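Protein chains in written order, with numbering that gives the first Met the number 0: chain A, 0 to 353; chain B, 0 to 78; chain C, 0 to 251.
Hint data in this document are derived by calculation from the structure and do not stem from the laboratory.
Among the clues, some could well be false.
[To be verified] Listed below are several chain C residues computed to face chain A (Cβ distance under 10 Å; list not exhaustive):
1) D37
2) M39
3) A42
4) V89
5) G156
6) M157
[Claimed, not checked] In silico BS3-like links for lysine-lysine, alpha-carbon gap of 27 Å or less:
7) B:K22 - C:K183
8) C:K219 - B:K29
9) C:K219 - A:K209
10) C:K7 - B:K37
11) C:K3 - B:K22
12) B:K22 - C:K44
13) A:K209 - A:K228
14) C:K219 - B:K37
15) A:K159 - C:K190
[Stated by the list, open to error] If you want the footprint, here are the derived chain B segments under chain C, 3+ residues with CB under 8 Å:
16) 35–48
17) 51–65
This structure is a prediction, so every number in the text was calculated from the model and none was measured.
Think of the CB as a built atom: it goes at the ideal place given N, C-alpha and C, for glycine as much as any other residue.
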Amino acid sequence: MSERIFIKGNEAIAHGALAAGCRCYFGYPITPQNEIPEFMAKHMPAAGGAFVQAESELAAINMVLGACATGTRSMTSSSGLGISLMQESISYMAGSEIPAVFVNMMRGGPGLGDINTAQGDYYQATRGGGHGDYRTLTLAPSTGQEAYDLTRLAFELAFKYRNPTLVLGDAILGQMKEPVTVDPPAPQAPDEAADWRLNGCDGRPRRVHKSIYLAEGELAALNIRLQEKFRSMDAEVRYEALHTEDAELVAVAFGSIGRIVKTAVRKLRAKGHKVGLLRPITLYPFPEQALRDLAYSGKRFLTLEHNMGQMVDDVRLAVRGLADSDFFGALPGNMPFPDEFEAAILRALQGGHA
Amino acid sequence: MSRIELSEERCKGCMLCTLVCPKGLLRCSKRLNAQGYKVAEIDPQRLEECTGCTSCALICPDTAIAVWRTGKDKESSDE
Amino acid sequence: MNEKLVFKRTVSLADRVTHYCPGCHHGIVQRMVAECLDEMDLARKAICVTSIGCSVFLYDYLLVDCVEAPHGRAPAVATGVKRARPGNFVLTYQGDGDLASIGMAEIMHAANRGERISVVFVNNTVYGMTGGQMAPTTLIGQRTATSPAGRCRSTEGMPFKMAEIMSGLDGVAYAARTAVDSVKHIAQAKKAIRRAFQVQQDDLGMGFVEILSACPINWKMTPVEANARIAEELIPAFPLGVLKDIKTGGAC
């Protein structure tokens with residue numbers, strides 16, 4: 000039943016969603032992710048679901064809120080600019096404990112930026128992004144297959160934790176074609192969310208999904224409960240460790256940059272340099288403990304990103320008191336090349352500033 | 000005779016009911032409820048004039064009025 | 000005594016004090032919504048999308064499944080609900096800021112798509128909850144917290160006539176404007192709400208009802224004065240009537 004097809008990362012994400020039982024897609028065109036709504040326009044109705052090209056990203060995320068409130072697996076996708084528009088609603092979903100999956104295929108910023116790849120939305124993705132104390136589970140694929148697999152996982156986690164969940168990609172991932180093994184569309188389990196979904200109160204007490212709490216102590220209680228939930232997400236930490244056991248320097252990188260840095264690390268290892276890679280796959284929850292364990296054994300760290308320095312904050316937090324992390328950033332607007340990452344790793348390895 | 004039951008705890012003293020009673024039976028009382036509103040009342044001297052038309056109940060924003068109508072024929076009571 | 004109970008609270012309306020101001024017409028409108036849901040046997044399959052404004056706590060009074068939408072987005076949230084569960088009855092309940100200001104794009108597009116939802120639009124020409132600022136439907140010359148000299152056409156534009164705008168959109172099956180300032184108008188308003196609900200049941204398109212309402216506190220009037228303003232000032236600016244009813248020959 001699985002088939003191996005040659006597709007863009009954007010399409011892999013769409014395939015993953017349908018295989019996970021997603022039955023509603025609401026979105027708005029934006030470069031570099033338009034293959035996702037275009038694929039869904041064709042295949043979602045065929046899978047028995049609903050596709051709406053919304054009037055804006057604002058409308059799209061709110062359609063997702065409504066559909067997910069009924070317990071239906073639903074999603075939207077965009078790039079950083081559109082994700083910015085969506086933040087109020089994402090905060091509402093976190094506060095109301097309505098799950099949803101949303102996808103950000105990052106491009107250069109700030110502002111209109113460019114339509115090429117970048118990683119400048121790490122802060123937005125992992126610090127909630129909107130107002131109030133909340134987090135979004137964030138998954139960062141680095142290959143087409145990972146994009147497919149992590150999208151499927153995103154739906155599982157969103158509904159397990161009743162929280163908005165983000166698949167964070169970029170223009171490289173979205174536009175690059177690779178062989179990906181995909182399963183056909185499958186239905187959502189009919190009883191998923193039966194204990195909280197809105198489907199009419201026939202035969203049960205009616206339910207309300209809201210996030211305003213004015214009575215004394217209620218909002219505080221919600222926040223405490225949410226924080227406990229976010230801490231429990233530590234069980235979902237995922238990362239890839241390559242050659243870290245005897246590394247002197249550990250490179251830390253995510254997404255497409257993680258993949259490029261992996262190539263650089265392999266090349267340098269082949270030349271005898273003791274470098275390793277820790278590639279976070281979940282950005283929230285962040286693989287703090289894995290980094291901390293490496294710091295205990297005296298390793299140094301170099302964080303490499305395609306931005307002005309965002310994930311490096313989390314690496315430094317993770318290894319605090321034990322080590323520090325240097326930073327090298329490919330500049331937003333420029334195409335990142337393995338050579339520059341290799342050079343940065345070498346400089347850091349030799350004790351200089353990356 | 001028909002009659003109304005006006006819940007004084009629910010009344011907010013808006014007096015919209017006094018605008019619509021075709022017989023002009025409703026008025027502002029001198030009583031304050033626990034919320035601090037001066038509540039409406041039906042003139043206790045004219046209770047038998049109530050026809051149970053439900054106009055007061057229909058305009059009351061607080062659904063504070065229930066209405067019983069007594070017909071001329073012998074209907075058994077509902078509810 | 001052979002008396003018959005001819006008016007009491009309907010089942011889907013909670014038996015509790017409301018937070019609305021004295022004389023606020025929300026109380027009348029939400030009661031009629033609950034009555035229509037009960038009379039048409041829709042309460043158990045209803046999903047109500049509540050909005051932001053004085054009616055933000057509607058879910059405390061309307062005893063059906065409810066989801067709270069961000070400000071202005073109720074028609075988009077309702078679209079998601081109805082597309083995910085077409086067999087349920089979906090309604091939004093919105094004020095003039097929520098629907099005609101921040102939510103203008105969402106209501107226009109949901110209406111244009113002909114989403115099978117019913118929209119109850121409570122128009123009191125002012126922002127109530129936030130303290131009486133100007134609304135898209137504030138009348139020319141009306142003084143509000145952000146139009147202290149009175150709304151001026153040249154700087155603020157004319158008030159939006161939403162029922163007319165809605166009636167011009169293809170996907171709207173029913174568009175009407177009503178009021179609740181008199182027993183006669185209340186009866187008409189309830190009929191309009193029923194019809195707006197029915198067109199959803201008949202799969203014809205969006206049902207839209209605008210209901211002119213009073214806001215005594217922010218109009219700086221007594222409830223009785225505010226009620227009178229409906230007939231004196233609002234109705235001349237926003238004429239009542241059924242502007243579109245697809246059964247009487249609306250657009251396709």
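Tested hints:
no. : hint            : verdict
1   : D37             : violated (13 Å)
2   : M39             : violated (14 Å)
3   : A42             : holds (7 Å)
4   : V89             : holds (9 Å)
5   : G156            : violated (22 Å)
6   : M157            : violated (24 Å)
7   : B:K22 - C:K183  : holds (16 Å)
8   : C:K219 - B:K29  : holds (24 Å)
9   : C:K219 - A:K209 : violated (31 Å)
10  : C:K7 - B:K37    : holds (23 Å)
11  : C:K3 - B:K22    : holds (20 Å)
12  : B:K22 - C:K44   : violated (41 Å)
13  : A:K209 - A:K228 : holds (18 Å)
14  : C:K219 - B:K37  : holds (19 Å)
15  : A:K159 - C:K190 : violated (44 Å)
16  : 35–48           : violated (count 1)
17  : 51–65           : holds (count 12)
Consistency note: the structure conflicts with the earlier hints numbered 1, 2, 5, 6, 9, 12, 15, 16.
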